[in-house]
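2 protein chains.
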Amino acid sequence: MAAERLVVIGGDAAGMSAASQARRLKGPDEMGITAFERGHFTSYSACGIPYWVGGDVAERDDLIARGPEEHRARAIDLRMRTEVTEIDVAGQRVRSLDRDSGETSWTAFDKLVIATGARPVRPALPGMDAAGVHGVQTLDDGQALLDSLDRAGAIRTEGPEGRRAVVVGAGYIGVEMAEAMLKRGFEVTVLNRGEQPMATLDPDMGRLVHDAMDGLGITTVNRAAVTAIRTGPDGRVAAVETADASYPADVVVLGIGVEPETTLARAVGLPVGPHGGLLTDLSMRVVGHDNIWAGGDCVEVLDLVAGRTRHIALGTHANKHGQIIGSNVGGGYGTFPGVVGTAVSKVCDLEIARTGLREKDARAVGLRFVTATIESTGRAGYYPGAQPMTVKMLAEYRTGRLLGVQIVGRDGAAKRVDVAAVALTAGMTVEQMTALDLGYAPPFSPVWDPVLVAARKTVAALRKAGTA
Amino acid sequence: MAAERLVVIGGDAAGMSAASQARRLKGPDEMGITAFERGHFTSYSACGIPYWVGGDVAERDDLIARGPEEHRARAIDLRMRTEVTEIDVAGQRVRSLDRDSGETSWTAFDKLVIATGARPVRPALPGMDAAGVHGVQTLDDGQALLDSLDRAGAIRTEGPEGRRAVVVGAGYIGVEMAEAMLKRGFEVTVLNRGEQPMATLDPDMGRLVHDAMDGLGITTVNRAAVTAIRTGPDGRVAAVETADASYPADVVVLGIGVEPETTLARAVGLPVGPHGGLLTDLSMRVVGHDNIWAGGDCVEVLDLVAGRTRHIALGTHANKHGQIIGSNVGGGYGTFPGVVGTAVSKVCDLEIARTGLREKDARAVGLRFVTATIESTGRAGYYPGAQPMTVKMLAEYRTGRLLGVQIVGRDGAAKRVDVAAVALTAGMTVEQMTALDLGYAPPFSPVWDPVLVAARKTVAALRKAGTA
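Protein chains in written order, with our numbering: chain U, 328 to 795; chain G, 328 to 795.
I should point out that these hints are in silico values taken from the structure, not numbers from a laboratory.
Just so it is clear, the structure is predicted and the values come from calculations on it, not from any experiment.
Where hints are given, some of them may not hold.
Since the list gives no way to pick one copy over another, a pair counts as held whenever it fits inside one copy or between any two copies.
As the list claims (entries may be wrong) - The calculated SDA-like cross-link candidates involving lysine to any residue, where the alpha carbons are at most 25 Å apart (straight line), are:
no. : residue 1 : residue 2
1   : Lys791    : Asp427
2   : Lys353    : Lys784
3   : Lys687    : Glu396
4   : Lys791    : Arg401
5   : Lys791    : Trp433
6   : Lys784    : Thr662
7   : Lys784    : Ile391
8   : Lys510    : Gly584
9   : Lys791    : Gly659
10  : Lys353    : Arg550
11  : Lys791    : Pro560
12  : Lys510    : Gly712
13  : Lys510    : Gln714
14  : Lys791    : Arg350
15  : Lys510    : Thr662
16  : Lys687    : Gly584
17  : Lys353    : Arg695
18  : Lys687    : Ala594
19  : Lys353    : Arg783
20  : Lys791    : Arg446
21  : Lys353    : Gly793
22  : Lys353    : Thr662
23  : Lys791    : Gln759
24  : Lys687    : Ala417
25  : Lys784    : Arg534
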């Protein structure tokens, strides 16, 4: 019997995890694996780019978990700089273009994995393609930005010229890039379309981020929609324009977000959801297609709290998807039950975390809820280095079921959200949470952990609302 | 109608939390509250004593959450330095002794709260009461130890004399006191009866603690049972003797553990469990007694994983008990479902955490299990300051239910155990845990959180054992 043929489109986290896991389960005599990557790199941490740009991570290659040769050593036929341009679903083959030689060819598959990732949102505004305007999705993007910073640095004077960075967008990429630019010695302005930075939080919690960024010397301008990028006589970026003002800029970083890259899949009618991502079943198989799987930034995932799909581009999900797809295509078994929407990020020493639903998410799916917000510290108040932390909690009216948690604070704030992530997964009520046996010792927590304090206050809010 | 009379025995975490919560629910016209404390202090953090002794916490009073006057301001009749010497259950009254005046009196109650805490285990060995031998259970103990350190410091010479500390016991108090003594400039030897330090961990994980303490310059001697304390001509401690050796000591700290202080309760036949602690129902009412509650270090708690009671002296439980008792005696409602056995501690920058069952605990209750141990880091490997972390996980054979987690590592290791604590409470399987949506960003976690890596390896171990 001929070996089964597996084709993987996309050489980053989801695609190469799938290929590697499949290879673990099936030897080369049982399964041939071909993977296509249109860029220069495989299996790298896009999430690490802000830290490389900021100088915390010294080398680009530090972000690469596994290079092409390592994959090839495991008998994966990896085609770098080769872009899949067409999927022939009925014919079970993909057409690819070698971007260096310009040659195209067809490759047959028995099983197909689509891991085409996401592409940055790049609004069609004047000047958006000018030199000095940078996305930060890929390692190539990161290198281009670093080159741009060097150039900006080379023309520095005593005045602010040559060291003004404008970051467009105040989501997690935006705030992480604001930190990176600050570390590189730039004056940083963040232009944010929304009411507060970190729209992944409720505005009251986003306000805390705003104030903390202010304290770090980062200027955040809210309700600032970019209308144009103005260029100088040299064609490089000179300023970022909004309806109200003009912000001089030597470097512009776009942190506006991403959308699923599903051009190929949509061209052949594979099902996409309301957020533009491919729809899969629990085994990560594309809905309606027994021999096509999809995972990573190009799919929608089930939000277990909201009961509907979302698009979340995050390396940790992509790795899980790849692992599960690799198990399933390799004859094993795995499912991805969904997410609860956990995300953590930081700006300098400020930690920001969320899981579950924001107020507007809960409203959007018809949930009625109460909220409570508390302030506490990450360590016992008397222990050196104890820092303030704000925890906001949402619970469903009547049932008291936990719906979401947001945390803004410093040392030890971010990963505390994991407690809520597990509680959400388990469907716990906030009353049940008040009894959780969380680790306590003065260097690590007050005697009542901030999450427990928030749970207690949410229970009180439920009682006040006449439901408990 | 006359006001109801509540009597509370013990003025620390459980007792005063109960009194305070009862007062929140019932005004002085509805309920009279009398609390007896035999010592000098109320509502203090005994867990903070090692950090005060070590110099991280400057002042004794920093450890006091609420002093006598604050309690009295809330209309709690607090009798300091007054020891309850007898409970008359049928007569609904307690006899107390004013330790300053020597006077005794009876106080009637409608409802009684027993929060008598724990007392240090102090083996009856020669020299145990010598000057320079210190427990660290109370603030008075801490002050006496600090005085002793001053004295030891005053006779320091160029040699080691005057700065040799021996810590007896290598549980969490022992290792925390080892850090404190180290910080005070002492040469520290820890004498440990067991096979490895931190007997709250399995020996393989305890070994990691041993090695790390070694690296910190703390000498740990295992299988070293103390036989005597040898004193010098001045009557002060001179050395600690074991069967095999003699350890010169200028100061000795006892960290051997505690046992429930239930002398009063046992004298009148209140029910105690196999570990000597009072037995209560879910509302923290003493079994068989409708008007007597007990909480804190003097009770046994239900271990939700093992399905039987344990004695755990820990401020976080005591505070919860007090809160629940106060609600119940005040006409509200609260229950304490039990614990999963979470504990975190540190020695310098080494973090140690556990939750659920150790191997021997699982065996003791008839559970068959598999284990897996992994090494990972607390941050993405490429992120500055990423430190190694070892996670051991136990899961039940066949069902795959999580049974316990132990973690030894550095930055970010300890509180990761909370994820497992919630998963244990929810009765999750390790397979379910592999899909947990935990916070990921390079400064906070590798793309697979160490707990997820451990869960995956435990799933593999289950599969190998033929059960999954």
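A quick look at each hint next to the structure:
When the C-alpha separation of Lys791 and Asp427 is checked against a cutoff of 25 Å, the pair qualifies neither within a copy, at 67 Å, nor between copies, at 46 Å. For a Cα distance limit of 25 Å, the shortest separation of Lys353 from Lys784 across copies, 19 Å, qualifies, whereas the shortest one inside one copy, 53 Å, does not. Proximity of Lys687 and Glu396 under a CA criterion of 25 Å is satisfied in neither setting, with 47 Å inside one chain copy and 46 Å between copies. Taking the shortest alpha-carbon separations for Lys791 and Arg401, only the inter-copy value of 23 Å comes in at or below 25 Å, while the best intra-copy value is 61 Å.
Taking the closest pair of Cα atoms, Lys791 and Trp433 never come within 25 Å of each other, the shortest separation being 66 Å inside a single copy and 40 Å across copies. Proximity of Lys784 to Thr662 under the C-alpha cut-off of 25 Å is restricted to the inter-copy arrangement: shortest distance 17 Å between copies versus 36 Å within a copy. Within a single copy, Lys784 and Ile391 get their C-alpha atoms only as close as 44 Å, which misses the 25 Å cut-off; across copies the closest is 23 Å, which meets it. Taking CA atoms no more than 25 Å apart as the test, Lys510 paired with Gly584 passes inside one copy only; the shortest distance there is 22 Å, against 48 Å between copies.
In the homo-oligomer, the alpha carbons of Lys791 and Gly659 lie at most 25 Å apart only across protomers (14 Å), although the nearest pairing inside one protomer, at 50 Å, exceeds that limit. Within a single copy, Lys353 and Arg550 get their C-alpha atoms no closer than 53 Å, and across copies no closer than 49 Å, so neither meets the 25 Å cut-off. Taking CA atoms no more than 25 Å apart as the test, Lys791 paired with Pro560 passes in neither setting, with 64 Å inside one copy and 68 Å between copies. Within a single copy, Lys510 and Gly712 get their C-alpha atoms as close as 23 Å, and across copies as close as 17 Å, so both meet the 25 Å cut-off.
In this homomeric assembly, Lys510 and Gln714 come within 25 Å of each other (Cα to Cα) both inside a single copy, at 22 Å, and across copies, at 23 Å. For the identical chains of this complex, Lys791 and Arg350 are inter-copy neighbours only, at 19 Å across copies versus 57 Å inside a copy, given an alpha-carbon limit of 25 Å. For the homomeric pair Lys510 and Thr662, neither the shortest alpha-carbon distance inside one copy (41 Å) nor that between copies (50 Å) is at most 25 Å. For the identical chains of this complex, Lys687 and Gly584 are intra-copy neighbours only, at 19 Å inside a copy versus 50 Å across copies, given an alpha-carbon limit of 25 Å.
Within a single copy, Lys353 and Arg695 get their C-alpha atoms no closer than 49 Å, and across copies no closer than 32 Å, so neither meets the 25 Å cut-off. Within a single copy, Lys687 and Ala594 get their C-alpha atoms no closer than 33 Å, and across copies no closer than 59 Å, so neither meets the 25 Å cut-off. In this assembly of identical chains, Lys353 and Arg783 lie within 25 Å of each other by CA distance solely across copies; the values are 19 Å between and 51 Å within a copy. Taking the closest pair of Cα atoms, Lys791 and Arg446 never come within 25 Å of each other, the shortest separation being 46 Å inside a single copy and 41 Å across copies.
Within a single copy, Lys353 and Gly793 get their C-alpha atoms only as close as 58 Å, which misses the 25 Å cut-off; across copies the closest is 20 Å, which meets it. With identical chains, the CA atoms of Lys353 and Thr662 are at most 25 Å apart within one copy only, with a shortest distance of 19 Å there and 52 Å across copies. In this assembly of identical chains, Lys791 and Gln759 lie within 25 Å of each other by CA distance solely inside one copy; the values are 18 Å within and 35 Å between copies. For a Cα distance limit of 25 Å, the shortest separation of Lys687 from Ala417 qualifies neither inside one copy, at 42 Å, nor across copies, at 58 Å.
Taking CA atoms no more than 25 Å apart as the test, Lys784 paired with Arg534 passes inside one copy only; the shortest distance there is 21 Å, against 41 Å between copies.
When held up to the earlier numbered hints, the structure conflicts with 1, 3, 5, 10, 11, 15, 17, 18, 20 and 24 and fits the remainder.
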